[in-house]
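Taking the hints into account, I'd like the entire structure generated from these sequences.
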Amino acid sequence: MGAFAARRLAALIITMMVVSMLIFAAFEWTPGQVASKMLGPFATPEQVELLTEQMGLNRPAPVRYIEWVGNVLKGDLGYSTYFKTDVNNIIWDRLGNTLLLASIAFAIIVPCSIIFGVAAGMREGSKLDRTISVLSIVTTSVPEFASGVFLATIFVIILEWLPGASTLESGGDWSIASQLVLPVAVMVLFDLGYVVRMVRAAMVDVMMKPYIRTAVLKGLGFRKVVLGHALRNAMVVSLTVILLQINYLVAGVVVVETIFAYPGFGHMILESALSKDTATVEAATLIIVLIVVITQIAGDLGYMWLNPRIRFK
Amino acid sequence: MAQAEQALKVKSSGRFWRRLKLLTESPIGVAGAMLVLFWVFVAIFAPWLAPYDPNANNYEALADPLPNDMFLLGTDNQGRDILSRIIWGSRTVLIVAPVATFCAYVVGCILGLLSGYYRGWVDSVISRLADILLSFPAIVLYILIIMRLGPSAINVIVAVIFVASPQIIRIVRGITLEQRELDYVTAAKMRGESAIYIMLVEILPNTRGPLIVDSCLRMGYTTIQIGVLGFLGLGLPPPDPDWGGMVQETYSMMSTWPHMSLYPAIAISSLVVGFSLLADGLREISLRD
Amino acid sequence: MEQDLKKVHPYLPTLLTDYRTGKLDRREFLRTSTLLGLSAVSAYALAGGTAEADPATGNPLDTQVAEASGGTIRISMRCPGVDNPATFSWVYDSNIVRQTCDYLTRTGVDNVTRPWLLEKWEASEDLKTWTLYLKKGIKWSNGDELVADHVVWNLKRWVDPAVGSSVLGLFKDMLLTEYETGEKDDKGNPKTATKLYADNAIEKVDDYTIRLNGKTSTLAVPENLFHYPALVLHPSENGKFGVNSIGTGAFTLTTYEIGKKAVFKRRDGYWGNPVKIDSVEFIDHGDNASAALNALASKQVHGFYEAQTTQYAALKKMKHVEIHSVSTGQTAAARMQPIHDTWKDPRIAKAMRLALDTNKLLKVAYLGLGAPGEHHHVCPVHPEYADVGFMKQDIAAAKKLLAEAGKPDGFETEIFCKSDPDWEPLCVQAMVQMWKEIGVKVKINVLPSAQYWDIWNQPVAPFAFTTWTHRPLGTMVLGLAYRSNVPWNEAHWSNKKFDELLNKAEGLLDVDKRRVVMADIEKLMLDVGPICIPLWRAFFTPMDKKVKGFKAHPTAYMFAEEWSLEA
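The listed protein sequences derive, respectively, from chains H, B and S.
In this note's numbering, each number is its position in the first sequence, counted from 1, plus 5.
In this note's numbering, each number is its position in the second sequence, counted from 1, plus 922.
In this note's numbering, each number is its position in the third sequence, counted from 1, plus 18.
Wrong hints could be hidden among the right ones.
In silico lysine-lysine, PhoX-like type, Cα no more than 20 Å apart, as pairs [stated by the list, open to error]:
hint, chain 1, residue 1, chain 2, residue 2
1, S, 41, S, 317
2, S, 213, S, 174
3, H, 89, S, 278
4, S, 41, S, 362
5, S, 362, S, 317
6, S, 190, H, 89
7, H, 89, S, 335
8, S, 335, S, 317
9, S, 174, S, 190
It should be emphasised that the hints constitute simulated quantities derived from the structure, not laboratory data.
Quick look at the structure:
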């Protein structure tokens, strides 16, 4: 167990190093000067040169990279050239907002996907199975940008039930809770179908296993077999899939955040990456890598716990 | 299942037709295949099916873009016929999505095979690389590639390859690790076949089952991704119609002219539904094998 | 009073005679006389007639102003970092600081520039020396009185190359001189920097008087003082702006969250007209056109900084919203760089112009809101605009020119443009359709804005479509964009005749005389110029009907102290 943790930790550090280097290199390699992006299109060449010098951007890339690593180790994530403030001032707030959105969506997706997935998968080919399967395929096939725009039109413009922008400001008589409804709905709609199908597939697999068939034949109640045996085993497979969704929920919600003007992490990454804001993108990416790896480890541990026969070398 | 497939491998053309026949037994698979084939048909015959030039502006239609006898699905905010744009747009998506997916598969299969077959340091390097790409937020990867290379169909394909191939590497590597221990591989080695031959001719065909299902799903996912890129302003350059771009150009007019973004969105969704249903059908059949 | 005119400016009496004999219309008289330093109140008095505008701001007097109402007005606008106002590159940056800090002058919605923190200005006959008189009794929010030292400090800061303000460019010819720093750049060329050409270039005369002793004639000094970064800051804050900063304006910034919101509260002791609202907030909705629209629909905000064309139909449908609009000289130019083989022959650029039907372009790309473009980049709202005949679409003539230039079958090329605001890619697509008719096949390369601004004036983009904002005088854009070798000459176009004519026009205060020169410039641009101008767009923005006193400004400047909120 200790060796397992140590190995994963080492892998994590290597991954973070390589990822940060790749991003640094990639930004060096994309055209356009950071200083001219900061100063806007109407800056004179002298202004650009001056700022480049002031920010130390004219020094060789390796020097700047090493300096950046040193600062990060000290807890200083650098200066955001897009937001024009320290990355630390902006990133944690945004991460918190996205985690709020993600955890609500996650709290809905997990139980719903298990209920629907198990219900569909316990009797493959039944009417219930077909209905759930087709419905989940259809909802997953509507891109978020389309469902977001349609839902907003119906509930904001036509029905006037919900606020149109989710800036998390209480101005204009709309509560924060009401602002979260639409973004969460779009995320759940897009992601739920996928997880349901994965749980269903796992369930179908389990139900075909000989020991389940035997249990049913032995006269144990179908309900008892499903709840007592099949469910636990189906969970083992589903766990990985569900944990992978955390990755999507944190980094993949750019579209939802953009449509509803939600001050979140994904939208921050999009805007800073487009304006070559290396420090912000680096910090955000490292945080995502950390989240991805932690969920992977959590997945592995959960796997061990649910299925004690597996041991890690 | 591996043995069954090994037996089938001998007469692969016969297997194809058997599969196709099997597919007709899965109503879901048939529905999916029909949807996909419908769009393939539309794409192939676009020049004959489209009533107008998809990029031509009809200035009279600007005042009233709603659907009418002349423009069955209406016109967009530039007076362009939406039906013609959807028809021509099917070409774009049915070229970019399959080509991108196929290229991702070529890269993924080669690296996955090498990694699973040779193991050792080759495996370490490739797996670590795949892990790193997998932990990269996809959006950063897309932006980095498209910012560097500029927005075009080719670069969207390159971006999709970077994002999708690590996942394919993992799948292929897993299967290869399993297959290389089987008798037929040992037999091939005894015959003195080269490693390349064993990987491509012996092992690769046996990865087909899971990969065909995965590729259908991935095709649908890629279709959505192309739409998302278009929506974020990183997609294919105008004016040639692309469904995601059509939604992006018109979605702020949803409350007044819903048809402008509704129909292209339906087109995207129906194609993705088609790919997903087809994948489900294929999975059902592979379980019966 | 008329005797005193000569003291303010020697040309004023002639101007008045021209106005009285009908050679000059009322608007031009007001514009030019205030430009020459006549106080707005006197100008309106001389112009006579009914006062349809407030002499201090130029705002129409019939605007209903609700009774003192209090309340908070919320506006959807980007909220970037604003800590260094002198280096602002967008109007929305300055809209934030503008609620706390003021300009020396203000150009009104009627395009007339008036003194604001200034009482008046005077220009010498040769337009080289400008004297600025401060209003007396203006108090900063910390209780200090605004004096000449403060203004001199700001002026010197703007033209200090180490600050990096774009105001420097506007005063470079007038006040600065280039020198070699002694260092060399990577290519071995000596590096140059700028400094004041003389110690007394910016001179304090007394506590309320500042004099600019220029080395060249400059026409647009008052207009330049309204350039968006030219906000007058309190010297004690050393050029920084933030929460609770000192200002001469009506509001104090109380909360600022980058990328989220800015909150301003009304302050006590403001020197101007009484302010009605308690606070104004700017809320950031990102670049997405539908988020702001939906926020307006659900009354989370009262209005926008600026609306896009795709939002227009939806805005029209909202019953609680009024769309405010104003004609402007805002446009985008499809510029062709003659330094490349494709565009070397000016006949080809002219053929590209002749292929366009700008009436249709206005309709398709900007809903017909504005005016059809004229390819010389002088707009009908400019005082010195000369009507030299509208260039109509003429496919046959265009094809003939192409044939003469050795390209009878047309050619293929590529145009760069940016993805937002959305009318720009729409317009490019419509132009591309028209160019197809003369056999020129143009591939469109849309870039995200942040990337487009990397290449907009670079030779890597031989053919590109660039936004140009409204400026009060016609000569201002021409000087920035088409004079040989200036940094913003994105077309890399160089024409001796043009430079001569432009220098001549810039030395002429008399609008009639300037218009004669302008006619030559316009004809020259139509014939051998490097650009196509598809349209002049109207600026429009929605505002909740409860908000009173708001006027759309041609350059999107916002002045919340003029607004009130109906209960």
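Hints, one by one, checked against the model:
For the suggested pair residue 41 of chain S and residue 317 of chain S, the alpha carbons sit about 49 Å apart, so the restraint of at most 20 Å is broken. With a CA separation close to 10 Å, the supplied pair residue 213 of chain S and residue 174 of chain S stays within the 20 Å bound. Simply put, residue 89 of chain H and residue 278 of chain S have alpha-carbon atoms about 13 Å apart, close enough for the 20 Å limit, and the pair holds. With a C-alpha separation of about 42 Å, the suggested pairing of residue 41 of chain S with residue 362 of chain S is violated against the 20 Å cut-off.
For the hint linking residue 362 of chain S to residue 317 of chain S, the alpha-carbon distance of about 53 Å lies beyond 20 Å, and the restraint is violated. Pair hint residue 190 of chain S plus residue 89 of chain H does not hold up; C-alpha atoms about 28 Å apart against a cutoff of 20 Å. Distance restraint check for residue 89 of chain H and residue 335 of chain S: the Cα-Cα separation of roughly 38 Å exceeds the 20 Å cut-off, and the hinted pair is therefore not satisfied. Taking the CA atoms of residue 335 of chain S and residue 317 of chain S, the gap is near 14 Å; set against the 20 Å cutoff, the hint holds.
Restraint check: the Cα-Cα separation between residue 174 of chain S and residue 190 of chain S comes to about 12 Å, which is no more than 20 Å; the hinted pair holds.
Hint check: violations occur at hints 1, 4, 5, 6, 7; the rest are consistent with the structure.
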